[in-house]
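Following the hints, position chain B against chain A.
So the sequences go chain by chain: A and B.
Mapping to my numbering: the first sequence position 42 is 46, numbers consecutive.
Mapping to my numbering: the second sequence position 5 is 904, numbers consecutive.
Think of the hints as simulated: they come from the structure by calculation, not from any bench.
There could be a bad hint or two in this list.
[What the hints assert, rightly or not] DEER-style ranges, computed between Cβ atoms:
id: 1; chain 1: A; residue 1: Arg-81; chain 2: B; residue 2: Ile-966; range: 40 to 48 Å
id: 2; chain 1: A; residue 1: Gly-67; chain 2: B; residue 2: Ile-912; range: 36 to 44 Å
id: 3; chain 1: A; residue 1: Glu-63; chain 2: B; residue 2: His-1010; range: 30 to 38 Å
id: 4; chain 1: B; residue 1: Leu-954; chain 2: A; residue 2: Glu-105; range: 16 to 24 Å
id: 5; chain 1: A; residue 1: Arg-81; chain 2: B; residue 2: Gln-913; range: 43 to 51 Å
id: 6; chain 1: B; residue 1: Ile-1008; chain 2: A; residue 2: Phe-102; range: 31 to 39 Å
id: 7; chain 1: A; residue 1: Gly-67; chain 2: B; residue 2: Gln-913; range: 42 to 50 Å
id: 8; chain 1: A; residue 1: Asp-42; chain 2: B; residue 2: Pro-1011; range: 23 to 31 Å
id: 9; chain 1: B; residue 1: Pro-907; chain 2: A; residue 2: Gly-20; range: 36 to 44 Å
id: 10; chain 1: B; residue 1: Lys-950; chain 2: A; residue 2: Val-92; range: 28 to 36 Å
[What the hints assert, rightly or not] Covered, in the sense of this in silico footprint (three residues per stretch, anywhere, with C-beta under 8 Å from a C-beta of chain B), are these stretches of chain A:
id: 11; stretch: 49-62
id: 12; stretch: 93-102
Model, not experiment: these values are computed from the prediction.
Ideal placement from N, C-alpha and C gives every residue a C-beta, glycine not left out.
Given next are the chains, with one letter for each unit.
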Amino acid sequence: NAGVTQTPKFQVLKTGQSMTLQCAQDMNHEYMSWYRQDPGMGLRLIHYSVGAGITDQGEVPNGYNVSRSTTEDFPLRLLSAAPSQTSVYFCASSETSFAGELFFGEGSRLTVL
Amino acid sequence: GQQLNQSPQSMFIQEGEDVSMNCTSSSIFNTWLWYKQDPGEGPVLLIALYKAGELTSNGRLTAQFGITRKDSFLNISASIPSDVGIYFCAGQTSGGSYIPTFGRGTSLIVHP
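Bound-form chain A, shown alone:
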């Protein structure tokens, strides 16, 4: 059972570069979301999706884009990376948006120089 799979696990970028963090789930979950985790700040919601074709902003959306063309995939795009985006990113999914029982991926550690 793969669950939620994130790639890459580690990435180093230079300021201004773009990249996409991939997230895929094989549980047919409707709800998917992206969080960033910084020391002392807990988990902050970046973007979320309640189903294919539907996305919305979370608490800290600036500098990030998402799309949800399929139920399985929810990529997070950084269009022009900044040092402030150095963080650990987690993708999470749940059966529906009504269910708070999130399943998290293993995380992607991003460093922006």
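Then chain B, alone, in the frame of chain A:
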């Protein structure tokens, strides 16, 4: 937005000790969830609470949904080294977007 205050921020304990942590909110929640994050991993759900006053156990872990629906508690009995990690509470309302709100986490270190 909704705020969750989770305390303590960190705990350093000896193996065998009991642990208590809690979350309080300025808003009412209909669901409380507790997650644990092992070092280098993503959070994993420990306990979910759906009813005010509910007391639920999972092995050595016990969590309670506060009567006021504005707080929740997690207790760990007889701690062991593998309890090390960050514990997050999360609250969810039944109205609006249902998006869970997370606390900032309690970092637990257990000394053998």
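Hint by hint, here is what the structure shows:
The hinted window of 40 to 48 Å between Arg-81/A and Ile-966/B holds, with their beta carbons roughly 44 Å apart. The given range of 36 to 44 Å is respected by Gly-67/A and Ile-912/B, whose C-beta atoms sit roughly 39 Å from each other. For the pair Glu-63/A and His-1010/B, the supplied restraint of 30 to 38 Å holds, since their beta-carbon distance comes to about 35 Å. Range check, Leu-954/B to Glu-105/A: about 19 Å between beta-carbon atoms, so the 16 to 24 Å window is met.
In this structure, Arg-81/A and Gln-913/B meet the distance hint of 43 to 51 Å, their C-beta atoms being roughly 46 Å apart. Restraint check, Ile-1008/B to Phe-102/A: a C-beta distance of roughly 35 Å satisfies the suggested window 31 to 39 Å. For Gly-67/A and Gln-913/B, the hinted distance range of 42 to 50 Å is satisfied, since their beta carbons lie about 43 Å from each other. Checked against the given bound of 23 to 31 Å, the beta carbons of Asp-42/A and Pro-1011/B, roughly 30 Å apart, stay inside it.
For Pro-907/B and Gly-20/A, the Cβ-Cβ distance of about 40 Å falls inside the hinted range of 36 to 44 Å, so the restraint holds. About 33 Å separates the C-beta atoms of Lys-950/B and Val-92/A, a value consistent with the hinted range of 28 to 36 Å. With a cut-off of 8 Å between beta carbons, the stretch 49-62 of chain A has 4 residues touching chain B; three or more are needed, and the interface restraint holds. A count of 4 residues in the stretch 93-102 of chain A with a Cβ less than 8 Å from any Cβ of chain B is obtained; the coverage claim is therefore met, three being the minimum.
In summary, the structure agrees with every hint in the numbered list given earlier.
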